[in-house]
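Undergrad: Based on these hints, arrange chain H on the given structure of chain V.
Heads up: the sequence lines are chains V and H, in that order.
Quick note, the first sequence lines up with residues 1 to 111 if you use my numbering.
Quick note, the second sequence lines up with residues 112 to 226 if you use my numbering.
By construction, these hints were calculated from the structure, which means they are not laboratory data.
All of these numbers come straight from a predicted model, not from anything done at the bench.
One should not assume that every hint holds.
List time: in silico BS3-like cross-link candidates among lysine-lysine, alpha-carbon distance up to 27 angstroms [as the list claims (entries may be wrong)]:
hint	chain 1	residue 1	chain 2	residue 2
1	V	K56	V	K69
2	H	K129	H	K155
3	V	K70	H	K179
4	H	K151	H	K120
5	H	K155	H	K173
6	V	K26	H	K155
7	V	K56	V	K26
8	H	K155	V	K70
9	H	K173	H	K129
10	H	K155	V	K69
11	H	K179	H	K120
12	V	K26	V	K69
13	H	K194	H	K138
14	H	K151	V	K26
15	H	K179	H	K194
If you only want the chain H side, here are some residues facing chain V, beta carbon under 10 angstroms, derived [to be verified]:
hint	residue
16	Q148
17	F166
18	G213
Far from chain H, by Cβ distances over 12 angstroms, these chain V residues were calculated [what the hints assert, rightly or not]:
hint	residue
19	D7
20	I13
21	S24
22	G40
23	N52
24	R54
25	T67
26	R80
Ideal Cβ placement from N, Cα and C applies to all residues, glycine included.
Listed below, chain by chain, are the residues.
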Amino acid sequence: SQQGEEDPQALSIQEGENATMNCSYKTSINNLQWYRQNSGRGLVHLILIRSNEREKHSGRLRVTLDTSKKSSSLLITASRAADTASYFCATDRSNDYKLSFGAGTTVTVRA
Amino acid sequence: GEEVAQTPKHLVRGEGQKAKLYCAPIKGHSYVFWYQQVLKNEFKFLISFQNENVFDETGMPKERFSAKCLPNSPCSLEIQATKLEDSAVYFCASSPGQGPTGELFFGEGSRLTVL
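For reference, chain V alone in the conformation it holds in the complex (with noise of 0.2 angstroms):
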């Protein structure tokens, strides 16, 4: 069953914004994962925080982690057309040995 659940389902954005969304799961996690799926393409590891850390940056991304309210944030700043992806949260629990993924959400951004 889906551990992670994406809010929004669809961000549409002009370049040079900002695009935020969120992630909330269920039960207790090890680690939280981000992934890119450009259309028709697998998924891309973007970024992983640990369930001790609260925050992480890898280029124009940012990630926070709530472990409190469970739930994660994705930002991308000063988006490019090239960031029009899917994007998925993918958390893991103690004891459960694989990722559960979120329903994803659908960024366009416009030119």
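TA: Using the frame of chain V, we list chain H on its own:
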């Protein structure tokens, strides 16, 4: 290789026929995973391997699905007697030996269409 290679890219089968998909993980990666993606949404976990051993098969519909990862051969996912609801994109992923829940490297997927 440096990429997870999946074949075929597309496969069309009539209901009741068999379908077999292949995956070559990245060389040196210990874990292999199969996921099913229906309608561009949820990724459903099917099965994972640690080298050639089944690690977790809790997502597999066992009556029709089977999978193998044999030494020196691509991993395979086989569906006997396909049904319409098996239409999906099947993704294979591999990860290095830090454990099954680190970063996954995905292939481009195999799209199965059951008519």
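Undergrad: Now tell me if each hint is right for this structure.
TA: These are the hints, each one checked on the structure:
1. V:K56 <-> V:K69: With a Cα-Cα distance of about 17 angstroms, the restraint between K56 of chain V and K69 of chain V holds, given a limit of 27 angstroms.
2. H:K129 <-> H:K155: 21 angstroms, holds
3. V:K70 <-> H:K179: 36 angstroms, violated
4. H:K151 <-> H:K120: Holds - the C-alpha atoms of K120 of chain H and K151 of chain H are around 16 angstroms apart, at most 27 angstroms.
5. H:K155 <-> H:K173: Measuring from Cα to Cα gives roughly 15 angstroms; hence the hint holds.
6. V:K26 <-> H:K155: 17 angstroms, holds
7. V:K56 <-> V:K26: Satisfied, since the Cα-Cα distance of roughly 21 angstroms is no more than 27 angstroms.
8. H:K155 <-> V:K70: The given pair, whose Cα atoms are some 21 angstroms apart, holds under the 27 angstroms limit.
9. H:K173 <-> H:K129: Distance ~14 angstroms between K173 of chain H and K129 of chain H Cα, so the pair holds.
10. H:K155 <-> V:K69: Given that 27 angstroms is the threshold and the Cα spacing comes to 25 angstroms, the pair holds.
11. H:K179 <-> H:K120: 19 angstroms, holds
12. V:K26 <-> V:K69: 10 angstroms, holds
13. H:K194 <-> H:K138: Given that 27 angstroms is the threshold and the Cα spacing comes to 33 angstroms, the pair is violated.
14. H:K151 <-> V:K26: Holds, at roughly 22 angstroms.
15. H:K179 <-> H:K194: 21 angstroms, holds
16. Q148: Check passed: Cβ of Q148 of chain H comes within 9 angstroms of chain V, closer than 10 angstroms.
17. F166: 7 angstroms, holds
18. G213: 7 angstroms, holds
19. D7: 14 angstroms, holds
20. I13: 20 angstroms, holds
21. S24: 15 angstroms, holds
22. G40: Given a closest Cβ separation of 8 angstroms, the condition is violated.
23. N52: 15 angstroms, holds
24. R54: With a cut-off of 12 angstroms, R54 of chain V remains clear of chain H, as the shortest Cβ separation is near 20 angstroms.
25. T67: 16 angstroms, holds
26. R80: 22 angstroms, holds
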